[in-house]
Structure formats: structure tokens, C-alpha cells
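There are 2 protein chains.
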Amino acid sequence: MQHTFIPVPLPQQTYQIAIAPGGLTQLGLWLQDRSIQSVKLGKKVLIVSNPQIWKYYGEIVQESLAEAGFQVDHFLLPAGERYKTLRSIQKIYDYALALKLERSSTLVALGGGVIGDMTGFAAATWLRGINFVQVPTSLLAMVDAAIGGKTGVNHPQGKNLIGAFYQPRLVLIDPDTLQTLAGREFRAGMAEVIKYGVIWDLELFELLERCDRTDQYRFMPPEILTDIITRSAQAKADVVTQDEKEAGLRAILNYGHTIGHAIESLTGYRVFNHGEAVALGMVAAADIAVQLDWWSAEAVQRQHQLIQKTGLPTALPTDFAIDAVANVLLTDKKVKDGKVRFILPTQLGQVKITDQVPPSVIVKALAGM
Amino acid sequence: MQHTFIPVPLPQQTYQIAIAPGGLTQLGLWLQDRSIQSVKLGKKVLIVSNPQIWKYYGEIVQESLAEAGFQVDHFLLPAGERYKTLRSIQKIYDYALALKLERSSTLVALGGGVIGDMTGFAAATWLRGINFVQVPTSLLAMVDAAIGGKTGVNHPQGKNLIGAFYQPRLVLIDPDTLQTLAGREFRAGMAEVIKYGVIWDLELFELLERCDRTDQYRFMPPEILTDIITRSAQAKADVVTQDEKEAGLRAILNYGHTIGHAIESLTGYRVFNHGEAVALGMVAAADIAVQLDWWSAEAVQRQHQLIQKTGLPTALPTDFAIDAVANVLLTDKKVKDGKVRFILPTQLGQVKITDQVPPSVIVKALAGM
Numbered sequence: 160m161q162h163t164f165i166p167v168p169l170p171q172q173t174y175q176i177a178i179a180p181g182g183l184t185q186l187g188l189w190l191q192d193r194s195i196q197s198v199k200l201g202k203k204v205l206i207v208s209n210p211q212i213w214k215y216y217g218e219i220v221q222e223s224l225a226e227a228g229f230q231v232d233h234f235l236l237p238a239g240e241r242y243k244t245l246r247s248i249q250k251i252y253d254y255a256l257a258l259k260l261e262r263s264s265t266l267v268a269l270g271g272g273v274i275g276d277m278t279g280f281a282a283a284t285w286l287r288g289i290n291f292v293q294v295p296t297s298l299l300a301m302v303d304a305a306i307g308g309k310t311g312v313n314h315p316q317g318k319n320l321i322g323a324f325y326q327p328r329l330v331l332i333d334p335d336t337l338q339t340l341a342g343r344e345f346r347a348g349m350a351e352v353i354k355y356g357v358i359w360d361l362e363l364f365e366l367l368e369r370c371d372r373t374d375q376y377r378f379m380p381p382e383i384l385t386d387i388i389t390r391s392a393q394a395k396a397d398v399v400t401q402d403e404k405e406a407g408l409r410a411i412l413n414y415g416h417t418i419g420h421a422i423e424s425l426t427g428y429r430v431f432n433h434g435e436a437v438a439l440g441m442v443a444a445a446d447i448a449v450q451l452d453w454w455s456a457e458a459v460q461r462q463h464q465l466i467q468k469t470g471l472p473t474a475l476p477t478d479f480a481i482d483a484v485a486n487v488l489l490t491d492k493k494v495k496d497g498k499v500r501f502i503l504p505t506q507l508g509q510v511k512i513t514d515q516v517p518p519s520v521i522v523k524a525l526a527g528m
Numbered sequence: 160m161q162h163t164f165i166p167v168p169l170p171q172q173t174y175q176i177a178i179a180p181g182g183l184t185q186l187g188l189w190l191q192d193r194s195i196q197s198v199k200l201g202k203k204v205l206i207v208s209n210p211q212i213w214k215y216y217g218e219i220v221q222e223s224l225a226e227a228g229f230q231v232d233h234f235l236l237p238a239g240e241r242y243k244t245l246r247s248i249q250k251i252y253d254y255a256l257a258l259k260l261e262r263s264s265t266l267v268a269l270g271g272g273v274i275g276d277m278t279g280f281a282a283a284t285w286l287r288g289i290n291f292v293q294v295p296t297s298l299l300a301m302v303d304a305a306i307g308g309k310t311g312v313n314h315p316q317g318k319n320l321i322g323a324f325y326q327p328r329l330v331l332i333d334p335d336t337l338q339t340l341a342g343r344e345f346r347a348g349m350a351e352v353i354k355y356g357v358i359w360d361l362e363l364f365e366l367l368e369r370c371d372r373t374d375q376y377r378f379m380p381p382e383i384l385t386d387i388i389t390r391s392a393q394a395k396a397d398v399v400t401q402d403e404k405e406a407g408l409r410a411i412l413n414y415g416h417t418i419g420h421a422i423e424s425l426t427g428y429r430v431f432n433h434g435e436a437v438a439l440g441m442v443a444a445a446d447i448a449v450q451l452d453w454w455s456a457e458a459v460q461r462q463h464q465l466i467q468k469t470g471l472p473t474a475l476p477t478d479f480a481i482d483a484v485a486n487v488l489l490t491d492k493k494v495k496d497g498k499v500r501f502i503l504p505t506q507l508g509q510v511k512i513t514d515q516v517p518p519s520v521i522v523k524a525l526a527g528m
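From first to last, the protein sequence lines stand for chains A and B.
So the first sequence is residues 160 to 528, counted in the working numbering.
So the second sequence is residues 160 to 528, counted in the working numbering.
Everything labelled a hint here was simulated from the structure, so no lab data went into it.
Glycine included, each C-beta is placed from N, C-alpha and C at the ideal position.
Treat the hints with care, since some could be wrong.
[Claimed, not checked] In silico negatives: residues of chain A with every beta carbon more than 12 Å from chain B:
no., residue
1, Pro237
2, Asp253
3, Ala281
4, His314
5, Pro315
6, Tyr325
7, Arg372
8, Gln450
9, Gln506
[Claimed, not checked] Partial chain B-side listing against chain A, Cβ under 8 Å, derived:
no., residue
10, Thr473
11, Thr477
12, Ile481
[To be verified] Cut-off 25 Å, straight-line C-alpha distance, at most; resulting in silico cross-link-like pairs (PhoX-like, lysine-lysine):
no., chain 1, residue 1, chain 2, residue 2
13, B, Lys498, A, Lys259
14, A, Lys404, B, Lys259
15, A, Lys199, B, Lys259
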């Protein structure tokens with residue numbers, strides 16, 4: 160069993176990202192191991208999950224924690240982005256109160272990005288902050304949502320408008336849990352993996368190019384997939400370490416997201432999932448970069464092929480209202496003083512940030528899709 | 160006009176506490192002055208206040224900000240602890256959304272502790288954290304609530320159970336605003352001032368002893384009152400700087416609060432306000448300290464006299480259910496692994512933390528009041 164630990168050093172504390180096939184059984188031990196997790200945790204642990212994930216992995220995680228001496232309870236929330244609300248957070252609060260959780264108690268998020276975001280926000284805001292551990296079970300959560308301390312819920316009028324930056328004590332990634340992930344969700348996670356290749360890690364990009372298939376878990380050799388997850392987690396950790404609160408560099412993680420978010424929003428979050436929207440956003444950003452003479456047509460082609468091989472969309476629906484995109488872009492929460500920020504590649508593994516993209520260039524990019 | 164700036168250096172940022180009689184007019188300038196507030200703020204500022212405070216100080220604060228070039232809006236919440244709820248936070252969110260506040264925008268809390276706590280929590284959690292400025296107008300908020308980064312709201316079943324640690328960019332204390340504060344609220348703030356004297360600052364204690372009266376704003380010379388506020392703010396800043404997240408030292412600020420909270424809770428927050436409950440808690444803690452031979456009867460007497468001179472209560476209602484206190488103590492959120500922590504004086508200006516107070520000693524202290 161190959162275990163990799165990626166340290167994430169931040170001003171307040173350093174925490175580890177463990178990438179460990181079969182590692183769910185180690186959670187309790189690692190939380191008690193002062194060389195891995197440096198804070199002495201209280202006895203009480205509350206696992207937050209959803210019914211599907213709990214069915215697969217609840218018992219193994221609960222046993223691991225109980226064997227290490229923790230007093231373990233669990234609380235299940237229905238699966239799905241539409242439950243990522245303050246109402247769900249209030250339910251976690253009520254349960255935390257019933258269990259008399261203390262400052263030293265721990266919330267463990269066992270699930271995908273929705274569970275991780277909500278559990279993290281509840282941990283950040285209950286008693287002004289209790290311990291928090293991420294056990295992501297979706298590829299998207301493993302390589303993106305679980306790393307970097309972003310937590311929160313949706314406002315009825317916008318995604319992730321309510322939240323906090325709050326760091327976990329440990330992120331435990333067990334790639335074996337991906338075997339129960341739906342294919343479409345796996346591909347959504349791969350969109351973010353491809354993103355890291357383009358913005359940060361040329362070797363990761365080339366590793367993905369060498370894979371015969373990147374569209375399904377079962378077609379990828381476990382050791383290659385673990386390597387891909389490790390490189391992606393390392394990329395995310397590198398960036399957030401240098402910019403914890405999204406003041407500067409961290410913006411590069413939004414490659415493909417500026418237009419991606421607009422597409423998700425305009426299609427009511429029903430047509431594309433997040434990863435698919437990001438894939439479309441990367442296609443659009445690449446076209447913008449070529450129009451501005453920042454990126455080569457050859458590199459764009461390589462990105463395009465990789466996205467297609469992964470089974471992610473590269474074309475917009477024929478009835479898509481392109482004109483509406485500009486409007487949506489201006490209401491994005493990353494807009495600063497009214498200017499829309501784009502992340503554009505300059506070569507594979509490198510990007511630049513700009514707020515100087517003419518609207519006509521954006522429309523042309525979308526029209527070409 | 161005497162202006163004192165107390166720097167509060169924390170790992171993420173240093174901010175200033177300005178103690179400035181008549182300083183409300185300076186708010187806009189100081190937020191733009193890089194030597195006082197080091198972050199470049201966006202144009203949009205939302206002042207959160209309540210109707211009473213807004214009537215007195217809204218215009219002057221709004222003008223000060225507008226003259227410095229900010230685009231200013233305000234949002235009023237009803238006054239009172241019972242509105243310190245997630246529901247009120249959601250109303251701030253809705254207004255923030257309507258104004259399209261951005262990451263660089265600023266929430267200004269203009270009011271007492273309730274407004275400060277709620278505005279801070281909204282600032283901490285909107286877009287995962289926007290800029291926040293405290294303009295406390297009650298004595299309690301000036302010397303306690305506005306300093307240290309505690310923000311939050313009440314849960315239906317417990318005070319301040321929901322919240323976050325979140326630091327302001329600036330705390331502006333204008334002692335002149337105390338002229339509109341109700342006498343009972345002034346005395347409640349004085350309870351915390353006396354607390355700083357006992358736990359941290361003997362000179363402050365002696366300064367209070369030398370005052371002819373400490374029970375009303377109008378009987379205190381402005382320069383003495385400003386000095387008292389400055390020393391109190393400095394004490395709070397000293398402690399929170401050394402222990403931002405309440406891991407250790409910060410616990411000493413809970414002198415008088417262990418039993419104070421229990422008394423507040425048992426009387427349904429209707430008989431005593433927070434400061435009055437803290438005064439009672441200090442009387443009880445002093446008695447405990449004497450029973451344990453930690454503190455002298457003479458020092459206890461001096462504290463007692465100061466509390467009485469300030470017009471704060473020193474005796475429990477005759478029908479008070481003393482036996483219920485122990486029960487309530489165990490549900491306090493500061494309980495750690497089931498042990499109740501007390502802060503007890505060893506001499507004037509110094510305290511120690513202990514979780515070894517026998518229940519019989521607590522009951523005896525309360526029975527004697």
C-alpha cells in the first residue's frame with residue numbers, strides 16, 4: 160500500500176494531505192499520530208455524510224475511528240447540490256448541540272464536494288470553530304474541493320456566496336473509493352485534473368496524454384491514477400499555500416471557471432455538471448488565448464484532444480444564448496471593481512491573469528464552439 | 160482631540176484600535192490612510208446599525224465615509240439580543256447581494272455588541288470573507304466585544320454557539336458616543352472594565368478606585384474615561400494578541416463569566432444583563448478564591464467596593480435556584496472534556512486558571528451571596 164503525504168504549510172498550522180489507497184482504515188490511527196496530525200483532538204467525532212456514501216464507507220470509517228478510541232456519531236444529509244443550504248447547516252448545528260460537541264471535538268466530512276463544503280462550514284462556525292477532517296470520496300473533491308480551505312453553502316440566488324476559509328486538520332484521500340463513483344462524476348473530476356496540467360504541471364498533462372483512456376476509473380491503472388491524484392493535489396496545495404485567502408495567485412485555479420460558471424448558471428445547473436462546464440470554459444479560454452496571440456494553436460489542439468478523450472464536452476448546445484454570458488460574467492463574485500478576470504494559458508503548464516479581454520473576443524470564442 | 164492608536168498584531172494582519180473622542184468624523188479618512196489601515200478597500204461600504212444608533216450617529220459616519228470617496232449604504236436591524244440570529248444574518252446577506260458587494264467591499268458595524276457580533280459574522284461569511292470595521296457605541300462593545308475577533312449569533316438553545324473568529328480592519332472607539340448610552344448599559348460595560356483591573360492591570364483598578372463615581376457617564380471626567388477605555392482596550396488587545404483562537408491565555412478574560420453565564424442562563428437573560436451577571440460572577444469567583452486560600456480578604460473587599468460603587472449587583476435574588484448552577488455550568492461551551500474551568504485571582508492584576516474547584520465550594524460561594 161503506497162502512502163504519500165503532502166504537507167500544506169499555512170501561517171496558522173500545517174496539515175497533511177494523505178493519498179493512500181485503502182487508507183480509510185487508517186483514519187483513526189492517523190488522527191492520533193502526532194507526526195501526521197499535530198493537534199490533540201477531543202474524544203467526540205461526528206461524521207457527516209450522505210446515505211449513498213455512508214452505505215459504502217460508513218462502517219469502515221466509523222470502525223477505524225472507534226478502534227483509535229474516539230466516540231463516534233454520524234449525521235446524514237441528502238445527497239445533491241440543492242441541499243447545500245444554510246438549512247442543512249442548521250441541522251448539523253442542532254445535532255452538534257444534541258451531542259454536546261465541544262471546541263476540541265471533530266467533524267469528519269465523508270463524501271464529495273457538497274458534503275465537504277457544508278461540513279467544513281459547520282465546523283468553521285460551530286462554537287467559532289471546531290476540528291475538521293476531510294475524507295473526500297469523489298475525484299472532484301479529492302483534487303479540488305477538499306484542498307484549500309474553502310467551505311460554504313449556496314444562497315438561493317447564487318452558488319457559494321455564503322462561506323468561510325477554514326482549514327482541515329487532515330485530508331485523507333483514498334483513491335479506492337472512486338470505484339463507486341458514477342462515470343460522469345469521475346469525468347467531472349478529470350476536468351480539474353486537466354486544468355492542473357494546463358496551468359501548473361506539464362508533466363501531469365503529458366502523463367494524461369499517455370493514458371489510453373482517461374474517461375473511466377476502471378480503465379485506468381490504479382498506480383497511474385494515484386499518481387495523477389497526487390500530482391493534482393500537490394498542484395492545488397502549491398497554489399493555496401502561496402495564497403491562502405485568494406488575494407492573487409490562487410486566481411489561476413479559476414482557469415476555465417470564468418466562462419464555466421457563466422455556462423452553469425445560464426443553463427440552471429441542469430445541463431452540465433461543474434466539471435463539464437469547466438471543460439467548456441477551458442475550450443473557450445484557449446480560443447481567447449489564441450485570439451490574443453498568447454497561446455499556440457498546437458497547444459490548444461492538445462488540450463482539445465485530452466478533453467475529448469476524457470469524454471468531456473467541447474461544444475455548447477445549439478440553443479445556447481451566447482449574448483447572455485457577458486451579463487452573467489459581471490455578477491460573478493470574483494469580479495473586482497466591475498472588471499472580469501480571465502486566466503489564460505501562455506504555454507502548457509503556465510497561465511497569466513488578465514482583466515483586459517474585449518467582450519467581442521469572448522463572444523467570438525463562444526460562437527466558435 | 161486626543162487620539163490613541165493601539166496596534167493589534169496578529170499572524171495574518173495587524174490592525175489598529177483607535178480611541179478618539181469625536182473620532183467618528185475621521186472614519187473615512189482613516190480607512191483610506193495606509194499608515195492606519197493597510198488594505199486598499201473597494202468603493203462599496205455597507206453600514207449595519209440599529210434605528211436608535213443610526214438616528215444619533217448615522218449621518219456623521221455616512222458623511223465621513225462619503226467624503227473619503229466611498230459609496231455608502233446602510234442596513235438597519237432591530238435592536239436587542241433576541242434579534243441576534245441567523246435570520247438577521249440572512250437579511251444582511253440578501254442586502255449585500257442586492258448591493259452586489261464584492262470581496263473588496265466593507266461592512267461597518269455601528270452599534271453595540273449585538274450589531275458588532277452580527278455584522279462581523281456576516282462579513283466573515285459573505286463571499287468567504289469581506290472587509291470589516293468595528294465602530295462600537297456601547298462601553299461593553301468598546302472594551303470587550305469589538306476587540307478580539309469574536310463574531311457570531313445565538314442558537315435558539317444557547318448564546319453565541321454559532322460564529323467565527325474574524326478580525327476587523329479597524330476598530331474606531333469614539334468615547335463621546337457614550338453620552339447617548341443608557342446608564343444601566345454603561346454600568347454593564349464598567350463590569351468588564353473592573354474585570355481588566357482584576358485580571359491584568361492593577362493601575363487601572365486603582366484608577367477606578369480613585370474616581371468619585373464610576374456609575375454614570377456624566378459623572379466621569381472625559382479624559383479619565385478615555386484613559387480607562389484605553390487601558391481596557393489595551394488589556395484586551397494584549398491578551399488576544401497572545402492567544403487569538405482562545406487556546407490558552409485568553410481564558411482569563413472569562414473571569415466572572417463562568418458563573419456569570421450560568422446566572423444569565425438560569426434567569427432567562429431577563430433579570431440581569433451581561434455586565435451585571437459578570438459582576439455577580441466576579442463576586443462568586445472572589446469568594447471561591449478566598450475559600451481556596453488563593454486571594455486575600457482585603458483584595459476581595461476592594462473588588463466588592465468597586466463593584467458596589469459602580470452600581471452593579473453583588474447579591475443574588477432571594478429565590479435563585481443555586482443547585483441548578485452546577486448543571487448549567489456543565490453545558491457551557493467552554494467546558495473541556497467535562498471539566499469546568501474557573502479563572503480565579505491570586506492578587507489584584509493577576510489570575511490563574513483551574514479546573515479543580517470542588518462543586519461544594521461553588522455552592523458555598525453562591526449561598527453566601
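The hints, checked one at a time:
1. Pro237: 20 Å, holds
2. Asp253: 8 Å, violated
3. Ala281: 9 Å, violated
4. His314: 6 Å, violated
5. Pro315: 9 Å, violated
6. Tyr325: 8 Å, violated
7. Arg372: Consistent with the label, arginine 372 of chain A stays out of reach of chain B, its closest Cβ about 37 Å off (over 12 Å).
8. Gln450: 28 Å, holds
9. Gln506: 29 Å, holds
10. Thr473: 31 Å, violated
11. Thr477: Violated, about 32 Å.
12. Ile481: Interface hint status for isoleucine 481 of chain B: violated (23 Å vs cutoff 8 Å).
13. B:Lys498 <-> A:Lys259: 13 Å, holds
14. A:Lys404 <-> B:Lys259: 20 Å, holds
15. A:Lys199 <-> B:Lys259: Cα-Cα ~42 Å, so violated.
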